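Each chain is listed here by its residues.
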Amino acid sequence: MSSMLKIQDLHASVEDKTILKGINLEVKAGEVHAIMGPNGSGKSTLASVIAGKEDYEVEKGEIVLEGENIDELAAEERAHKGIFLSFQYPVEIPGVTVTNFMKTAINETRKAQGQEEMPANQMLKLIREKSELLEIDRRFLSRSLNEGFSGGEKKRNEIFQMAMLEPKLAILDETDSGLDIDALRIVANGVNKLKNKDNATIVITHYQRLLDYIVPDYVHVLYNGRIVKSGGKELAHELEEKGYDWIKEEVNA
Amino acid sequence: MELKEKLLSSFLAFENQVNVDSYVHDVRSEAIKTFEDKGFPNKKDEAWKYTSLNKVLKEDYSVFAKDAEALDYKDVKQYFIHDIDSYKIVFIDGKYSSHLSETTHDGMDVCLMSAALTKPKYHVVIKNYFNKVAKDESLSALNTAFSREGAFIHIPKNKLAEKPIQIIHFSTGNESALMLQPRNLIIVDENSHVQIIERHQSLTDNAILTNSVTEIFANKRAIVDYYKVQNDKQTSSLIDNTYINQKDQSHVSVHTFAFGGKLTRNNLNFYQNGERIDSTMKGITIIGDKQHVDHNTLVHHIEPNCESHQDYKGIFGDSSTGVFNGKVVVEKEAQKTNAFQANNNILISDKATINTKPQLEIFADDVKCSHGCTIGQLDESAMFYLRSRGIPEKEAKALLMYAFANNVLESVKIPELKKRINKLIANKLGVNIGFDL
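Chains P and Z, in that order, give the protein sequences. Residue numbering for the first sequence follows the working numbering, beginning at 787 and increasing consecutively. Residue numbering for the second sequence follows the working numbering, beginning at 474 and increasing consecutively.
Please note: incorrect hints may appear among the correct ones.
[Stated by the list, open to error] Taking lysine to aspartate or glutamate pairs in the DMTMM-like style, the calculated list, with each CA pair at most 25 Å apart, reads: (1) Lys-896(Z) - Asp-802(P); (2) Lys-803(P) - Asp-852(Z); (3) Lys-867(Z) - Glu-902(P).
[What the hints assert, rightly or not] Here are some, though not all, of the chain Z residues that point toward chain P, as calculated from beta-carbon distances under 7 Å: (4) Tyr-602; (5) Phe-857; (6) Ser-861; (7) Pro-865; (8) Lys-867; (9) Glu-868; (10) Leu-872.
[Said to hold, decoys possible] Okay, the calculated beta carbon distance ranges per label pair: (11) Lys-803(P) - His-555(Z): 52 to 62 Å; (12) Gly-845(Z) - Asp-795(P): 47 to 57 Å; (13) Lys-814(P) - Gly-849(Z): 52 to 62 Å; (14) Lys-897(P) - Asp-556(Z): 23 to 33 Å.
Think of the hints as simulated: they come from the structure by calculation, not from any bench. In this text the structure is predicted, and so the values were computed from the model without any measurement. Positions of the beta carbon are idealized from the N, C-alpha and C atoms, including for glycine.
Please model the entire structure based on the sequences and the hints provided.
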């Protein structure tokens, strides 16, 4: 299988504080990787750095997507190459409807890829199809983006966007937080349906709960800016049972 | 010769062209004296502290334009809201263009000020309304002194003007610099309703200074929706003086879309002479370069149980400057007044400036008055969110700016106009994305 994402010795800081201290990670097409770890270990930072958030400075190391170094690319260029970040805290944008937002995102991506804008009827069909997948009410689509959405609606909307954009690499940052069990099932079901042999998913989570629904091929434990342990899906269960203290002890020993 | 001197001597020439033995001319003669006394406003006047007319007044304006050649409709079609049926009152270099206009006397008057000021059948109306709400501020007085042409609209009782009315002023550059002083009078009688769109458009790079006065009388239960589209050339300046007199239960809204020109000053004054009146002022300002837009509003709450709503959004780029000065006066008798004012601004350049000043003078004790001004930048986390979805920086900024301003558009009642404003906004922000889904 071909390499989708390869991260080598990645060091990143924000406001002169180093958060990532040498991350190594390889994700191949068709795989699901889970990244777990205690609060403050750098999970969300890793997600933001891969997606190209400018507040973070990459001090060292590299991020390679399908053989191409993307360190210098802007967030939108990374999106055009197929990276998608499902936000832990999706931003509320009053005045921009979900539909208009999606239409702009898709057409700007197509423009960047040298394609024509998507015809309106095709766009509507796609929106209908994908909103059904996420069990999203049609009225919801004409509301302002994330404004007044419940926690569950925000996360469902994130996965709806993912379904619309069909990324090669999806990073789900704490997508399970704030979800009740029904919403969790809908979201996980959506993610699973979008999975295929040509794309890859990184699931960032504090708890093992989501991993019952989106079953990972690999589990990594991030602690203090490094991946300190990797294993199969059974590692997630071990963490659920024993918590993170034993990992901390192992590392600090 | 200084412009003031030139105008004063031009008044003598003007008197040779109009009937001086008339009520109207008595009003003009008073007005020219007022202007002579007061002169042009300068920065020492509190209301003009942040807007200097010096540069604009330096040009050697012609006060009387030569007759311009007729314009072809197809060449100026883009400045009309052309996809709707409407009445049109069109002027070229200050003179009426019958060719581009569509007026009416059928059940209501949508016609010319020159007719209203001179024809005997309008004498009573003119005596009752002309210059009755405009104040004797220097620029308004100057306009009054030279008042001769403009739009005259009279909607009688219980009448719904079924088509919007467009008032458009073109300037052609026939003169190297031209000063225009249109005078509009709009009377909407009891239970009547009218929608008006006003635009000033220069077709030349020659200097244009427009000093316009519009008087609006909304009688009992009248509804007036007025839209000002200001998207002119960098060589054109506009001083808009609008005075609105409202009677019981009337609703008047004025939307001002200030997308540029060299200098734009909007003096918008509402006087609530009745109860249960609603006055609405909304504006979107989007400017760049060295453009200057100044919104100077006044709502005078005189009687009880009335409302006023002000919502102005501004986006300032490059070295542009903006001013918002919103004055709300609540008289002692005006109990249960509900006055709301908001002015929110985004500066997208380090060199852009906005001066915003709410001014509340409240003499009643049982009122609700709120005001808020904000000046900010675009939200970084929202920018990252949009960009992470593949929307490039420029388009993401545009989308956020549109989102910031667009609630002002919600109250625009003419869908075609709303569409046009959406396009103008996309154009101003330099992007080709549809905002109107």
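Broken hints, by number: Hint check: 1, 4, 8 and 13 fail, others pass.
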